[in-house]
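Participant: Chains as they are written, first to last, in this note's numbering: chain A, 2 to 137; chain B, 2 to 137; chain C, 2 to 137.
Do not rely on the hints blindly, as some may be mistaken.
If several chains are the same, the list does not tell them apart, and a pair holds so long as it fits within one copy or across any two.
[Unchecked claim] In silico PhoX-like links for lysine-lysine, alpha-carbon gap of 25 angstroms or less:
| # | residue 1 | residue 2 |
| --- | --- | --- |
| 1 | K78 | K14 |
| 2 | K3 | K34 |
| 3 | K127 | K14 |
| 4 | K75 | K3 |
| 5 | K127 | K108 |
| 6 | K108 | K34 |
| 7 | K75 | K34 |
| 8 | K108 | K14 |
| 9 | K34 | K69 |
| 10 | K70 | K14 |
| 11 | K34 | K70 |
| 12 | K3 | K78 |
| 13 | K14 | K65 |
| 14 | K127 | K36 |
| 15 | K78 | K34 |
| 16 | K78 | K36 |
| 17 | K3 | K14 |
| 18 | K36 | K75 |
| 19 | K65 | K128 |
| 20 | K69 | K3 |
| 21 | K14 | K34 |
| 22 | K128 | K69 |
Hints were generated in silico from the structure; no laboratory data involved.
Keep in mind it's a predicted model, so treat the numbers as computed, not measured.
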Amino acid sequence: MKTLTKYIYFNTKNRIEFVNITNQIEEIVSESKIKEGIVLVNPMHITASVYINDAESGLIEDYKEWLKKLVPEKDYKHNLTGEDNAFSHLMRTIMGREVTIAITNGKLDFGTWEQIYYAEFDGQRKKRVLVKVLGE
Amino acid sequence: MKTLTKYIYFNTKNRIEFVNITNQIEEIVSESKIKEGIVLVNPMHITASVYINDAESGLIEDYKEWLKKLVPEKDYKHNLTGEDNAFSHLMRTIMGREVTIAITNGKLDFGTWEQIYYAEFDGQRKKRVLVKVLGE
Amino acid sequence: MKTLTKYIYFNTKNRIEFVNITNQIEEIVSESKIKEGIVLVNPMHITASVYINDAESGLIEDYKEWLKKLVPEKDYKHNLTGEDNAFSHLMRTIMGREVTIAITNGKLDFGTWEQIYYAEFDGQRKKRVLVKVLGE
């Protein structure tokens with residue numbers, strides 16, 4: 002069994018921002034030389050998500066508006082600690098923390114439209130994503 | 002380390018439909034002869050989910066009604082591309098993309114009520130689910 | 002490849018209760034002697050979640066209130082079976098079933114604030130969480 006562990010860094014211009022990271026993950030899988038296995042991709046923060054969906058700008062705007070409806074602005078108790086990012090924790094919960102992706106014949110075993118996104122909900126500061134490749 | 006990769010196909014009668022795939026996954030795990038490991042199960046599409054919950058028809062109706070509340074009909078920007086399936090992408094987001102399941106002693110290591118479902122939100126056409134078994 | 006499989010048990014005092022299980026998972030990873038790999042953590046029940054987020058009591062209260070808004074009390078069809086826990090299945094769906102966590106240098110490869118929680122939505126009875134460690 003082989004593994005490869007990499008960290009990729011983000012510092013988004015906007016507090017809420019969606020970044021397509023498919024190419025970066027493909028490169029790490031290629032570098033690992035693993036032919037059959039899995040790759041785990043997750044933020045190392047609790048106010049961001051990694052998820053798989055469409056690289057379509059309209060859908061990304063829909064996500065942002067929809068998350069604001071599901072996570073309304075209010076006086077969250079978490080914000081009594083001096084934070085103002087309770088909404089970021091809840092939006093990350095809807096979008097999920099991590100993805101596990103199959104590697105077959107040395108490549109991400111993806112359907113036509115699957116793309117990997119980093120979704121930032123409390124950006125404008127340095128953040129990390131962990132990529133762990135495992136297989137043979 | 003051994004792996005087995007299989008694809009299973011769906012073409013649901015209804016646009017939104019939930020299909021119990023537990024038996025199919027059990028058969029693939031059995032075929033793999035892997036005794037200790039994991040199995041990853043995910044749609045290769047971005048308008049469908051694989052999730053684990055109850056094989057109870059009332060709950061499945063509850064899911065469908067609840068998702069309609071969480072994802073109301075409206076003029077989503079994604080639909081300006083000519084698509085009419087923005088709701089399918091959002092419902093899939095709530096239900097999740099994938100499940101990773103432990104294999105112990107050659108079987109899915111499940112509690113009494115755990116069942117694996119394929120949830121289709123934009124069906125009536127050919128779709129695929131990836132099953133990747135990994136272990137020893 | 003090595004694996005270690007453990008089950009941990011819960012019987013929460015309250016029907017809805019969140020329990021920090023990070024230390025228990027760290028101990029199991031340490032016991033496995035696996036240096037590079039993954040650990041899968043999931044409830045073996047369909048009315049509970051394992052998720053990763055903040056060990057902050059205000060946020061946990063926010064989660065509970067928010068889930069009640071997203072899953073309103075109503076006459077769910079599942080409850081016609083004699084159950085009264087349809088809400089528990091839906092809350093578990095929002096919070097997710099499982100987490101897969103990277104192990105690097107023999108430890109959970111976590112950012113500063115990542116903590117693993119067991120979220121019970123139908124407690125006051127014996128429940129199990131599966132922990133599967135896999136790697137080398």
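Participant: Are the hints correct? Go through all of them and say.
Facilitator: Hint-by-hint comparison with the structure:
1. K78 - K14: between (27 angstroms within a copy, 23 angstroms between copies)
2. K3 - K34: Both ways: K3 and K34 sit 9 angstroms apart in one copy and 16 angstroms across, limit 25 angstroms.
3. K127 - K14: Answer is within; shortest intra-copy Cα gap is 11 angstroms, inter-copy 40 angstroms.
4. K75 - K3: neither (47 angstroms within a copy, 48 angstroms between copies)
5. K127 - K108: Close across copies (23 angstroms), not inside one copy (29 angstroms); limit 25 angstroms.
6. K108 - K34: Both ways: K108 and K34 sit 10 angstroms apart in one copy and 24 angstroms across, limit 25 angstroms.
7. K75 - K34: neither (48 angstroms within a copy, 45 angstroms between copies)
8. K108 - K14: neither (31 angstroms within a copy, 32 angstroms between copies)
9. K34 - K69: So K34 and K69 fail the 25 angstroms test inside a copy (41 angstroms) and across (44 angstroms) alike.
10. K70 - K14: within (23 angstroms within a copy, 32 angstroms between copies)
11. K34 - K70: neither (43 angstroms within a copy, 45 angstroms between copies)
12. K3 - K78: Neither way: K3 and K78 sit 44 angstroms apart in one copy and 43 angstroms across, limit 25 angstroms.
13. K14 - K65: within (16 angstroms within a copy, 32 angstroms between copies)
14. K127 - K36: neither (32 angstroms within a copy, 27 angstroms between copies)
15. K78 - K34: neither (47 angstroms within a copy, 40 angstroms between copies)
16. K78 - K36: Neither: 47 angstroms inside a chain and 38 angstroms across chains, both beyond 25 angstroms.
17. K3 - K14: neither (36 angstroms within a copy, 43 angstroms between copies)
18. K36 - K75: neither (48 angstroms within a copy, 43 angstroms between copies)
19. K65 - K128: within (20 angstroms within a copy, 27 angstroms between copies)
20. K69 - K3: neither (42 angstroms within a copy, 44 angstroms between copies)
21. K14 - K34: Classified as neither: same-chain Cα gap 34 angstroms, cross-chain 41 angstroms, threshold 25 angstroms.
22. K128 - K69: Within one copy only: 22 angstroms inside a chain, 31 angstroms across chains, cut-off 25 angstroms.
Hints 4, 7, 8, 9, 11, 12, 14, 15, 16, 17, 18, 20, 21 from the list above are not met by this structure, while the remaining hints are.
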